[in-house]
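Participant: Whole structure, please, built from the sequences with the hints as guidance.
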Amino acid sequence: PIWFFCPSVCTFLQADLAKALNRVDQQPGEEFNIITLSFSDDEDPYHALAAKNNYANLLQRDFPLENWFYLTGDKENIRRVTDSLGYYFVKKKPHEYIHPNAMVVLAGDGKIIRYLYGPGFLPFDLGMALTEARKGEPGVSIKRRVLSFCFDYDSENNTYVFRLFRITGTVILILLAGFVVFLVRPGKKTGHRRPGG
Numbered sequence: 001p002i003w004f005f006c007p008s009v010c011t012f013l014q015a016d017l018a019k020a021l022n023r024v025d026q027q028p029g030e031e032f033n034i035i036t037l038s039f040s041d042d043e044d045p046y047h048a049l050a051a052k053n054n055y056a057n058l059l060q061r062d063f064p065l066e067n068w069f070y071l072t073g074d075k076e077n078i079r080r081v082t083d084s085l086g087y088y089f090v091k092k093k094p095h096e097y098i099h100p101n102a103m104v105v106l107a108g109d110g111k112i113i114r115y116l117y118g119p120g121f122l123p124f125d126l127g128m129a130l131t132e133a134r135k136g137e138p139g140v141s142i143k144r145r146v147l148s149f150c151f152d153y154d155s156e157n158n159t160y161v162f163r164l165f166r167i168t169g170t171v172i173l174i175l176l177a178g179f180v181v182f183l184v185r186p187g188k189k190t191g192h193r194r195p196g197g
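Going by the UniProt record's numbering, the first residue of the sequence shown is number 1, and it counts up by one from there.
Mixed in with the good hints, there may be bad ones.
Stated by the list, open to error - Each computed DSSO-like pair below joins lysine-lysine, with the alpha-carbon atoms no more than 27 Å apart: (1) Lys-75 to Lys-93; (2) Lys-93 to Lys-111; (3) Lys-111 to Lys-75; (4) Lys-19 to Lys-111; (5) Lys-92 to Lys-75; (6) Lys-111 to Lys-92; (7) Lys-135 to Lys-19.
Hints listed in this document are in silico derivations from the structure and should not be mistaken for laboratory results. Just so you know, these numbers come straight off a predicted model, no measurement behind them.
Facilitator: Given below as structure tokens:
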């Protein structure tokens, strides 16, 4: 949920989403759809179309625009949808909202899979969330745990970087432990039995 013509962060959220969509492997329309809902009941379908055209210009891949829905609604329906998503906002005064900067990734059955906080959506995170949504499996997978152990987020460059020292240190510790076990384990006794005794 966003405010289509927010003078602040919502525009960055949508722009970053469009940029991240350019770099994910999943196929729009086949593997996922996008729904952008305005939480401002002051916005109408005209605003939705203008916003859609604006952000569609940032797409650099073949993206079927009929699979990116820009929706508006009345106050009651907007509140019903945002409450069901756990997305809460407050209208301070006309054209001013306090709200989280997040995208909600849903499975086909509507189950919440993951919240992605922005701006600055990373294609890696979006791709992982889309894969989980397609499988309908929320939560921390073993693959994600391994990836988070091996990579750190570099906020300055807005990328993930390989944790060389952590991985190298872990490998060295495992090899060292294996070597110690090899040295201290009792060897096979090769004593011969004496005849008759």
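Participant: Among all the numbered hints in the text so far, which are the ones the structure does not match?
Facilitator: Going through the list in order, the structure violates hints 2 and 6 and respects the others.
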